[in-house]
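In order, the protein sequence lines correspond to chains A and B.
Take the first sequence: its position 121, counted from the start at 1, is 125 in my numbering, and no numbers get skipped.
Take the second sequence: its position 250, counted from the start at 1, is 264 in my numbering, and no numbers get skipped.
Simulated from the structure, these hints should not be mistaken for lab results.
One should not assume that every hint holds.
Listed next, the in silico DSBU-like pairs over lysine-lysine satisfying Cα-Cα at most 35 Å (straight line) [said to hold, decoys possible]:
#, chain 1, residue 1, chain 2, residue 2
1, B, 255, A, 95
2, A, 66, B, 180
3, A, 132, A, 17
4, A, 95, B, 180
5, A, 203, B, 255
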Amino acid sequence: MLEIRSARKVFYKGQADEKTALNDLNLRLETGEFGVVIGSNGAGKSSMLNAISGALVLDTGKVLINGDDVTAMPVHKRAIRLARVFQDPMKGTAASMTVAENMLLADLRSNRRTLRRGLNPVRLASYKERLSLLGLGLENRLDTRVELLSGGQRQSLSLIMAVGGSPELLLLDEHTAALDPRTADIVMQATIRAVEALKLTTLMVTHNMQHAVDFGHRVIMLDAGRVRLEIAGREKAAITVPDLIGHFSVKTDRMFLAS
Amino acid sequence: MDFLQNTLASFIALVPVTLAQSLILAFVVLGIMIPFRMLSFPDLTSEGAFPLGGCVCGVLMAAGMAPLPAILIALIAGFVAGCCTAFIHLRFRIHTLLAGILMMTMLYSINLRIMGRSNLSVFGSTTVFDWVPFLQPGFPASKIVMAGTIGLLVFVLLLYFFRTEKGTAVRAVGANPDMAEAQGINVWLATIGGVGLAGAFSAVGGALMVQSQGFADVNMGLGILINGLAALMIGEAIVGKQSVPRQLAAPFVGAIVYYQLVSFCLAAGMPPPDLKLATGLFVLAMLALPSLKRSRGPAAARETVRE
């Protein structure tokens, strides 16, 4: 379960270009729930994800994961509980290290790192098996340095790395936006399979309205640093792409009510 | 023909001495390689940590301490110096190179304070090189055996470490600090520890050098960094840097080849004062090579370093 309570973040405070990124934002995601976050550029989507992961320090407000206050925790401590796939395939992997070494790093995300050998035969076999689920042939390239993989392969690897170990919270930050349509589709299908199989609590940011319609239990629309609209349940099941796009331009009564 | 013969003769006569020297200086090259390649943290601390190790070891030996504890205390001093550089960079967001320059400048005064004067003779004190059995103490062979053995031990230990869970995490910090942090790795701890370790190796190099040459000098670090870089470049050109074993072997191979090369140049009659210019030009050429190649064909990947 993820909870954000009255999160507030102002950039360049007191200067001419002061910008309120998060304006008393409240959000609650139940355990096992898949939330899809949409919103125009500058709505606060990235700031929200960064506040959850710890990369952004809030001015006021709290972030709770499964009831524990993680607001004061640095990024590397929160990583024990959450995993994140970035938009940029370069960001989520260590380019100069091999596929197996990257898998190892993710494997150790929530464990104590010891002075024992990292890549042992047991681990290598399990990485091979997990990567073969993608059907991209990565299981035969464990010793290849990640910089030699294509963007799609790298992003698929990032995904497998993130969902391994069943994190308490999975953050997907426009993770298919930098990929071609076919690869984006492969990565998205793999995402859905993993999220459903492991029943992961997931928060996905996307600009792809079709994805927002097709996937997830709830659509959360951000605007000016707060949640403007939430669509869940039967309403979510019935929504179409034009409906969603409509919400971007027209501020309906319901949107004001929701705020 | 006579010139060639003379050059070769004096070069060959110098091979053992040079080999002993290069095996000792390999520790400094290692201290340059670890931050630069493993942590993407170009570090200049070694220019100060090398004489720091030498001065600490010299003072302790002059005070009658046994050679091994003197080296160990020098190692700790170097470790602290490296940690300081990393901390200055991380805490105050000062560029790694500037942090290194600050540290080595401050270390110069500290080294002078430690010794109380600019040089100190420890001639006649027992050194680790005296412990080599069956060889005459003071002869280059004992230095080659001792420095070589310590070097081999360090190489094996580092090779093991960088393949452990902790070691892989340290390498991840160099490869992609943001990703490492997102995978739960404490970037501060890994950086401070890694650069500290490098400082420790540089200081050990200084301590061994003092025991080998019989005196400590506050200026003994002058230019050591550029020599070390040149050695590293040569080593990487010979054994490569694509895997951990190769990257770790490069400083040792590079140091051995580089100092033989220098010795050859000197034997061929190059005036010693020109040595730094020649070394600098060589490093420049090695660093410029990728960009010269790039003017034709696709752009080569740039070295990624932290700023």
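Each hint, compared with the structure:
The straight-line distance between the Cα atoms of residue 255 of chain B and residue 95 of chain A is roughly 23 Å, inside the 35 Å bound, and the hint therefore holds. Using a Cα cut-off of 35 Å, the hinted pair residue 66 of chain A and residue 180 of chain B holds, with the two alpha carbons roughly 32 Å apart. Only pairs whose Cα atoms come within 35 Å are accepted, and residue 132 of chain A paired with residue 17 of chain A is rejected, the gap being roughly 49 Å. Annotation: proposed proximity of residue 95 of chain A to residue 180 of chain B holds, straight-line Cα distance about 21 Å (limit 35 Å).
Between residue 203 of chain A and residue 255 of chain B, the direct Cα distance comes to roughly 42 Å. Violation of the 35 Å bound is thereby established for this hinted pair.
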